[in-house]
Amino acid sequence: MMETKYFFEELQLPEFGEGALFYGEAVLVDNRGETDTFIVQDIKLGGNWLPRAPYDGARTIGQQMFKAISDVLYDDKTVNGRHAALEWADFVEGNTPAVPMFKPRAKPLGLDCRGITYMSNPIIRLASSGSSASGQRRRRGW
1 MMETKYFFEE LQLPEFGEGA LFYGEAVLVD NRGETDTFIV QDIKLGGNWL
51 PRAPYDGART IGQQMFKAIS DVLYDDKTVN GRHAALEWAD FVEGNTPAVP
101 MFKPRAKPLG LDCRGITYMS NPIIRLASSG SSASGQRRRR GW
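Sequential numbering of the sequence shown, starting at 1, is according to this note's numbering.
Under the rule of at most 25 Å between Cα atoms (straight-line distance), these lysine-lysine pairs were calculated in the DSS-like manner:
id, residue 1, residue 2
1, K77, K5
2, K44, K77
3, K44, K67
4, K5, K67
5, K77, K67
6, K5, K44
So the derived label-pair ranges between C-beta atoms look like this:
id, residue 1, residue 2, range
7, P51, A89, 25 to 31 Å
8, W49, D75, 18 to 24 Å
9, G94, Y55, 28 to 34 Å
10, Q41, F16, 22 to 28 Å
11, D90, P51, 26 to 32 Å
12, E15, E93, 32 to 38 Å
13, Y55, T35, 20 to 26 Å
14, Q12, Q63, 18 to 24 Å
15, G94, T60, 32 to 38 Å
16, N95, F7, 14 to 20 Å
Since the hints were made in silico from the structure, they are not lab data.
C-beta atoms are modelled at their ideal positions from N, C-alpha and C, and glycine is treated no differently.
Assemble the whole structure, with the sequences as input and the hints as a guide.
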């Protein structure tokens, strides 16, 4: 599971308008293995973690705040929503393994040497025939 922190500042909730600005951090995680979108896992305001709202609706003020802030972070029409999406995209790009341009081969390439003459160089031929190359040079006048 991929996870990063997003620090928000001056987050405005539609319910409060410009009367309240919130500062804190949100823990963003991948959406069940899908990295295209994120899920807000935790939210911290000041020194307190807000309780996550249950799926059937928020009951306490902390759960209502969690839901309201996470709704803003999911909305890419808001400043903080765009910033959270960009922060997530940058995080995913930096932590996703690179996709290779070429497929790896199943086995190493072989070199077919059939029909190639190996002894075209006289020094190699003399050395490979078991006799001393220097002795052959003296006999041939090298």
